[in-house]
Amino acid sequence: MAVAVLAAAASGSVLLGNQTIGVRAALGTWLHPDGSDVQRIVEYLRVPRTLVGILAGAALGVSGVLLQGLTRNALAGPEVLGVNAGAALTVVLGITVFGVHGFGGWVWFSFAGAALAGAGVYTLGSAGRGGATPVKLALAGAAATAFLGGLTTALTLLDINTFTAFRYWSVGALTSADAAVIRTAVPFLAVGALLAVSSVRALDALALGDDLARSLGQGLIAGRVTAALAAVVLTGTAVALAGPIAFVGLTVPHMARALAGPAHRWLMPYAAVLAPIVLLAADVLGRVVARPQELQAGIVTAIAGAPFFVALVRRRKLAEL
Amino acid sequence: MRVRARRSPVSWLAAVLAVALLTGCGGAAEEPASAAGLTNCGVTVPTGPPPARIFAAFHNGIEAVYALGAGDKLVGAAYLDNPLLPEYAAQFQPGRKKPAYYPEEYPSREEVLRLDPDFVVSGFTGAFTAEGLGTRAELTKIGIGSYLFTQYCPAADGKDQKDLADNDVSLDSVYRDLTGLGRLLGKSTEAQALVDRMRKTVADTEGKLAGVSKPRVAMLNRPGGGELRVFGGGDVATTIIEKAGGTQAFGDVPGRLTRIGTEELIKRRPDVIVVPACCGADVGPAGAQEVIDGLRKDPALANVPAVRDGKVYAVTFAEITPGVRNADAIANLARLLHPEKF
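Residue numbers (my numbering), protein chains in the order written: chain A, 1 to 321; chain X, 1 to 342.
Honestly, the hints are just simulated from the structure, not real lab data. Certain hints may be false.
Unchecked claim - Chain A regions said to be covered by chain X (calculated; three or more residues, Cβ under 8 Å):
| no. | region |
| --- | --- |
| 1 | 14-21 |
| 2 | 32-45 |
What the hints assert, rightly or not - What follows is a list of derived Cβ distance ranges for each label pair:
| no. | chain 1 | residue 1 | chain 2 | residue 2 | range |
| --- | --- | --- | --- | --- | --- |
| 3 | X | D293 | A | L158 | 20 to 30 Å |
| 4 | A | V310 | X | G48 | 53 to 63 Å |
| 5 | A | L208 | X | E131 | 46 to 56 Å |
Said to hold, decoys possible - Not close to chain X: a few residues of chain A, all C-beta gaps over 12 Å, as computed:
| no. | residue |
| --- | --- |
| 6 | N73 |
| 7 | L139 |
| 8 | I182 |
| 9 | P187 |
| 10 | V191 |
| 11 | G209 |
Beta carbons: idealized from backbone N, C-alpha and C, even for Gly.
Please put together the full structure from these sequences, using the hints given.
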């Protein structure tokens, strides 16, 4: 069912937009290519942005599930635990200090930043008595987000040109990556997905509480590290592909939980399918509401996501993790 | 590019309201002169003895001061978008603080006040906001006169570039600005000569273009390699394209700069694309090369006539901002659009 909706969303993303393209015309791109504008739009614009929506969406959705399970914090997400902020800071550093242009270059910076921030937050959150408790992790994440965000703001205010480049990217859009960038991203996402799948049992055990999990014989540290690594890889790649899109990683896990229950082996695939639906729907909406302009997908998810999230919080009493 | 964003729907509404309110008292773009002073963007600027210490913000503001022959009064300047015109380059000596020059950031209000200016000329309205040097009313209160190019009159004093009134973007408004500013700086004769020269350049160009077929021209930039932004009907770029014998491909798009997707550019099929290079005293037309190469290499744009025929050109941002370069900008663009006529 959810997969069918995703297929519909993906088709919509290829056919709808600035101009509506018929199914037959779209298929012609591969069946009898003629280099017309319509086929160029499908091949070089609509299909890449749809793929970015699917890949970045799935990565953010799964990443949200991982981080919420990891911290047993219903309000966790890549944006809460400093992973997004770390990726954003290194990308801005890449632009200012190293003069990196284009998304092929940003991938690596985003990746490094997500990893460093994730590792830093994890280290900070594990220090002291009791190890990496959910509360300490969330606090460390909040502190890191504030600190890294401050540095990013300082850098962007120092240099107006950087700020312009960053502003576009920082909102989040599906139009930035081309086929080559998408190809670069796929192996990273595959690694992230593998790590995510292998952390499922540990996350289920963690949901019972640290003490119970330990008594069940789960390797808590190893499980946490795997899940955290998966989240970093997935978020870093998603951010490089589409910018730090807000609310998807935070909201979609709750939708998935409503449909699939709390077991992570169901939660994860559901999030991986639901998140792209949300992101593609947001992107298509952004293309048609303000023609001839386009609203970036990140703007739409932020505007539509906030009230949706509030409704979700009020209905489900979030303290259930 | 910096603070020059397009108008939002809300500010459109505000602009319409403002115009409705102002029609009773002459309109914002007019420059009625009276004994007390000259009205500029709704602010009355006294026409007493000419200022002795001028601070100029933005490229068009700085060059206007030089072009009117008041360069020796310039104590401070901020933001050049491109190299200065060669005829003013010798006077511009930031190394000797003649004037003190701020290339990138807004100098703080204090820093500007320390230069002790008695007049501020700005090419964009961002200078006259709380984040900039203060509103014009605040400057007036401490005895500093001000002038703002009227194509960037804000909806109200203190509003920024995102919140412009519905301004006249014709060349006449540029001529009015130079005449008005000339009068305030005590350089009316120079202003008249400058405007006459500009009118002649435009008339000569138009004379050569009789009966030409008009290619569709899109003027756009792509700050930071991100989104495309086209200059719309609310920018002097439209005036320049039309006077140079072109049809503005995005003339129906209101406002100054509008973000568009690549698909919209494909749909409009411009015959010529012009990319203004910006921003810095060392950024010539070559500064637009990266954007131009990106457009040429984009497989999605391969059928767009301008890209297909190799008609993607670089100009300077300074020449398509309201100011002393506009007439030459028209002549330059006309040469690019209709080389056979020159």
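53 to 63 Å as the expected CB spacing between G48/X and V310/A, which holds or is violated
With Cβ atoms ~58 Å apart, the hint holds.
Okay, D293/X versus L158/A on CB: inside 20 to 30 Å?
Taking Cβ atoms as reference, D293/X and L158/A lie about 27 Å apart, which means the hint holds.
Does the claim that L139/A lies off the interface hold, with its Cβ farther than 12 Å from every Cβ of chain X?
The assertion about L139/A holds, with a minimum of 33 Å to chain X.
Please verify the coverage claim for the region 14-21 of chain A: does it have three or more residues whose C-beta sits within 8 Å of some C-beta in chain X?
With 3 residues close enough to chain X, the hint holds.
Using the Cβ atoms, figure out if L208/A sits within 46 to 56 Å of E131/X.
holds, 53 Å
Hey, does I182/A actually stay past 12 Å from chain X on C-beta?
holds, 15 Å
Quick one: work out the minimum CB distance from G209/A to chain X and report holds if it exceeds 12 Å, violated otherwise.
Given a closest Cβ separation of 46 Å, the condition holds.
Check the non-interface label on P187/A: least C-beta distance to chain X beyond 12 Å or not.
The assertion about P187/A holds, with a minimum of 24 Å to chain X.
Assertion that N73/A lies farther than 12 Å from chain X (Cβ):
Given a closest Cβ separation of 33 Å, the condition holds.
Do at least three Cβ atoms from the region 32-45 of chain A come closer than 8 Å to Cβ atoms of chain X?
Coverage by chain X holds for the region 32-45 of chain A (8 residues, Cβ < 8 Å).
Report holds if the minimum CB distance from V191/A to chain X is greater than 12 Å, and violated otherwise.
holds, 28 Å
The structure shown violates none of the earlier numbered hints.
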